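As a plain string of letters, each chain reads:
There are 2 protein chains.
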Amino acid sequence: MLSDIEITHQAKLEHISKIGEKLGLKEDDIELYGKYKAKITPHLKESNSKLILVTATNPTPFGEGKTTTSIGLADALNLLGKKVCLALREPSLGPVFGIKGGAAGGGYSQLAPMEDLNLHFTGDFHAITSANNLISAMIDNSLHQENPLKIDKILWKRCMDMNDRALRFITVGQGGKADGVEREDGFNITAASEIMAILCLATSLADLKEKISNIMVAYDIDGKPIYVRDLGCADAVCILLKDAIKPNLFQTIEHTPTLVHGGPFANIAHGCNSIIATKTALNLAEYVVTEAGFGSELGAEKFIDIKCAKAGLKPDAVVLVTTIRSLKYNGNADKSEISVPNMRALKEGIANLGGHIENLKDKFGLNLVVALNKFGFDVDDEINFVREYCAKMGVKMAVCENFAKGGEGGVELANFVLKELKKPSHVNFIYKASDDIKTKITKVATQIYGADDVIFEDMALSKLDKISSLGLDNLPVCIAKTQYSFSDDAKLLGRAKGFKFSVKDLEIRTGAGFIVAVCGKIMLMPGLSKKPSAMDMRIDENGVISGLA
Amino acid sequence: MLSDIEITHQAKLEHISKIGEKLGLKEDDIELYGKYKAKITPHLKESNSKLILVTATNPTPFGEGKTTTSIGLADALNLLGKKVCLALREPSLGPVFGIKGGAAGGGYSQLAPMEDLNLHFTGDFHAITSANNLISAMIDNSLHQENPLKIDKILWKRCMDMNDRALRFITVGQGGKADGVEREDGFNITAASEIMAILCLATSLADLKEKISNIMVAYDIDGKPIYVRDLGCADAVCILLKDAIKPNLFQTIEHTPTLVHGGPFANIAHGCNSIIATKTALNLAEYVVTEAGFGSELGAEKFIDIKCAKAGLKPDAVVLVTTIRSLKYNGNADKSEISVPNMRALKEGIANLGGHIENLKDKFGLNLVVALNKFGFDVDDEINFVREYCAKMGVKMAVCENFAKGGEGGVELANFVLKELKKPSHVNFIYKASDDIKTKITKVATQIYGADDVIFEDMALSKLDKISSLGLDNLPVCIAKTQYSFSDDAKLLGRAKGFKFSVKDLEIRTGAGFIVAVCGKIMLMPGLSKKPSAMDMRIDENGVISGLA
Chain B
1 MLSDIEITHQ
11 AKLEHISKIG
21 EKLGLKEDDI
31 ELYGKYKAKI
41 TPHLKESNSK
51 LILVTATNPT
61 PFGEGKTTTS
71 IGLADALNLL
81 GKKVCLALRE
91 PSLGPVFGIK
101 GGAAGGGYSQ
111 LAPMEDLNLH
121 FTGDFHAITS
131 ANNLISAMID
141 NSLHQENPLK
151 IDKILWKRCM
161 DMNDRALRFI
171 TVGQGGKADG
181 VEREDGFNIT
191 AASEIMAILC
201 LATSLADLKE
211 KISNIMVAYD
221 IDGKPIYVRD
231 LGCADAVCIL
241 LKDAIKPNLF
251 QTIEHTPTLV
261 HGGPFANIAH
271 GCNSIIATKT
281 ALNLAEYVVT
291 EAGFGSELGA
301 EKFIDIKCAK
311 AGLKPDAVVL
321 VTTIRSLKYN
331 GNADKSEISV
341 PNMRALKEGI
351 ANLGGHIENL
361 KDKFGLNLVV
371 ALNKFGFDVD
381 DEINFVREYC
391 AKMGVKMAVC
401 ENFAKGGEGG
411 VELANFVLKE
421 LKKPSHVNFI
431 YKASDDIKTK
441 ITKVATQIYG
451 ADDVIFEDMA
461 LSKLDKISSL
471 GLDNLPVCIA
481 KTQYSFSDDA
491 KLLGRAKGFK
501 FSVKDLEIRT
511 GAGFIVAVCG
521 KIMLMPGLSK
531 KPSAMDMRID
541 ENGVISGLA
Chain L
1 MLSDIEITHQ
11 AKLEHISKIG
21 EKLGLKEDDI
31 ELYGKYKAKI
41 TPHLKESNSK
51 LILVTATNPT
61 PFGEGKTTTS
71 IGLADALNLL
81 GKKVCLALRE
91 PSLGPVFGIK
101 GGAAGGGYSQ
111 LAPMEDLNLH
121 FTGDFHAITS
131 ANNLISAMID
141 NSLHQENPLK
151 IDKILWKRCM
161 DMNDRALRFI
171 TVGQGGKADG
181 VEREDGFNIT
191 AASEIMAILC
201 LATSLADLKE
211 KISNIMVAYD
221 IDGKPIYVRD
231 LGCADAVCIL
241 LKDAIKPNLF
251 QTIEHTPTLV
261 HGGPFANIAH
271 GCNSIIATKT
281 ALNLAEYVVT
291 EAGFGSELGA
301 EKFIDIKCAK
311 AGLKPDAVVL
321 VTTIRSLKYN
331 GNADKSEISV
341 PNMRALKEGI
351 ANLGGHIENL
361 KDKFGLNLVV
371 ALNKFGFDVD
381 DEINFVREYC
391 AKMGVKMAVC
401 ENFAKGGEGG
411 VELANFVLKE
421 LKKPSHVNFI
431 YKASDDIKTK
441 ITKVATQIYG
451 ADDVIFEDMA
461 LSKLDKISSL
471 GLDNLPVCIA
481 KTQYSFSDDA
491 KLLGRAKGFK
501 FSVKDLEIRT
511 GAGFIVAVCG
521 KIMLMPGLSK
531 KPSAMDMRID
541 ENGVISGLA
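Protein sequence lines, in the order shown, are assigned to chains B and L. With the first letter of the first sequence counted as 1, position 495 gets the number 495 in the working numbering; the numbers rise by one all the way through. With the first letter of the second sequence counted as 1, position 66 gets the number 66 in the working numbering; the numbers rise by one all the way through.
Here chain B stands alone, though its shape is the one from the complex (with noise of 0.2 Å):
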């Protein structure tokens, strides 16, 4: 078997140019960062395509295949003669350094060059990580130059594309008078920067600066709150971000025409691409296929009450991934026998799946199919089961194997959409703007995650009076919980109900334009294992990479 960057060298790409034509992009669209990737012009119109978003079960340590699946299922559907974009996020630099490697989908289904992407790729992280450290440094050099903002409690953060545990909690400006006020502060990675959040949720340059204009980063000795506008350097950090905010154009091994434009963290942000890219996509192309961070209850229910809520977006069809082997860990399967047939296990997992197509179709009201990622080691019972599981809740189940097969793979579940798209598409939004923050917390705990009660500790309570009192109440919640349960405990597997669900603090993000509530530990600065995969990799004397996976 050939690993995941064999198999991208092996493929023969197009030159990007060729891969914009298919968009029927001109030449003046386009820049060029090499043969394999480009810039290209934003294309914001209103646009009749379908938008096809593809979300998952709970992750699972084993790996769904979200992207995968997504990138099989727009190879498929350009295999059937439509045409089709991709428009995915970017994949971080920091951690394809630590454990998790890349993120360029898997086997025949994969973006290409997958180096390209994984490591600088035209250099988007880069410049969201200096817009945000400019920032940092004027907030420094106020405090320095005799504070005239009267600077007390700094919120903003520093950040870096790096899994670097030791900078999450830091000291700085310790060298004495001349080097700065000392102060404690720490770096997150740059993925969860408010930067980062804001570059996906504009909807144009002027925009752009408006929202980081409104950045919140400190309070003042009375309280009061601290803008990026009212440090003098919004423009200064928006022209760091002038080339960043245009849409990367780039292919799958297949020649899928693919737009990879930004990355925010699906916990402390949105989770989702661009909506730059995701309108760019619509503009270009007839069918769109997009995807969003974690499982649906997270990912889904923030693409559509916060993303396409701002960007006046619907998804017309949703994909729904899961796999067997995850829905047995949901229902308690032994992990060291995760690939083993077992019915008892799947039988009571899928409780998991049922809760997940139960939202997206009911709660929200969605064109629905699920995409069953299929494995090697999967039975015809199980996967039987699930077919039937999913035809009594009334959508239909494809099999996958993009993996294996690329977009031949993804044929089944490409016609299932299809049928999907010719049904009339609408989406109820959980909660209204005008609900109160501790009103949009609360329908989105109960009537998508199942909670019983919600539970709101001290902090949290003083932070809805602050909200209340700056007058930011109509701003939609981005939840940042576990990824691994319907549930704030992610020990509670399956189809967790009747849970009390409790937030902790908010944290006002006046920039991206949400309240983020946390709801347990978020970690916004990971860390290298033991033996970091860095110490795996390689690169001969030609430049040929290998070990980066």
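Among these hints, one or two may not hold up.
To be verified - Covered by chain B, per the in silico footprint, the following chain L stretches (three or more residues, Cβ under 8 Å): (1) 121-132; (2) 230-239.
Unchecked claim - Counterexamples of contact, computed for chain B against chain L with all Cβ distances above 10 Å: (3) 18; (4) 147; (5) 374; (6) 513.
Bear in mind the hints are in silico, worked out from the structure with no lab data behind them. All values reported here derive from a predicted model rather than from experimental measurement. Using N, Cα and C, we set each Cβ at its ideal position, and we do this for glycine too.
Starting from the known structure of chain B, fit chain L onto it as the hints suggest.
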């Protein structure tokens, strides 16, 4: 008068592939980064083309226009029908937001688009930042994972391309047991990173890997050096630099081909563009104009004794840039009246020019022309005085008006240079590789700087022993001292002589392959000013930038 950025916006640039054609580059040699910048394949054969080094008298607060003169000279050679290529350094992003602004020449002798060059360009600095910080993350991870290498004293610092004084002295790893090991650390600006020096001194990807492997990052508890190769991440670091090592093709506003590649500090490092770019330029053109940082006693010395010695290069002619203003400053003219004619000050200060001429012509044995960068307020008497002074010293002086007139303003200089290039060329190195470090420093300080005596302080003496015991006496020395004087005292203007030169400390750079002699305070992380340039920058809704200097 138009601002620099306005001048570049009025220029009609050529598509960068057309600039590449002028150099005989084939389509496969060029990786476009948009329309106006490209990465090109290195060309590293021996070449008989002519290498012209542009250096200067000691810097003053007013600026001498060295890069403007380099660009103007190349444009003039281009006007005269010569096949010419510039080989310059990349500017650092951080200072753009502080006081200094960008670095792309000025007036009508500029590189363009200047916002591209001064912002992210082709991402080289970001790649170097990532590479540097991956090493830091690996060190801190090793500490955290039970410290198998028994790391004790860490030499390696993090870096960021930002003017951020608060990061000079920090403490990392403060969160608790899961958040790394607490220790003192700091960030240098990216241009001061050893990785930057390595990138500029590497002669191939294989050589880059070897140099990175050899970086000494720490001592273990037994005082034994720990290298990047011991961390096991040399390949991963190299992978991050696989594109950064390729030269960047750019153009002047008069369409002269320019390779802009690498930007190491001229104190802690050698302050020249990359060997790979200089050699590639020599392969692609008949005349190559390059420059070295600060005044000739620092920049030209390192260019010769470090870069040329390592690369097997020699300058066929040298241009020594000066201004009447800077010579008057060296003659203790009042700063507030520096633009007023002042023969007394000029006569006193011209000794500075004399010292540089003597060094370049007599000590290094180089073919030399003086370029007087003329300002509107310079009067004929002053200009004639400098010309006659040069004549007495046996060198021609050309009046340069590149800022106001572009290449046309450099034709006299170009013609003088072409004459020098007809002479045989030859270079005297100041020291031999076999001299020990103490001897090397002493030779440079006495023969080039003009010191009577060299004092090695205690710390330096103990490091001399360490260097000998590690067998590193064969390395060249990279002296870090003030750029404002021949001496180590910024206030000794003119032709300082007969001073005692103090060496405080020595730093071992086994990756870059030199020993840094620290002679005075060296600033490796600048700060922002009271009103940073960032506050004056603007970008409109179409992405047009103003206020970027």
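Going down the list of hints, with the structure as the test:
1. 121-132: With 5 residues in contact (Cβ-Cβ under 8 Å with chain B), the coverage given for the stretch 121-132 of chain L holds.
2. 230-239: Check passed, 6 qualifying residues.
3. 18: Label holds. Min Cβ-Cβ 15 Å, cutoff 10 Å.
4. 147: holds, 12 Å
5. 374: holds, 33 Å
6. 513: holds, 19 Å
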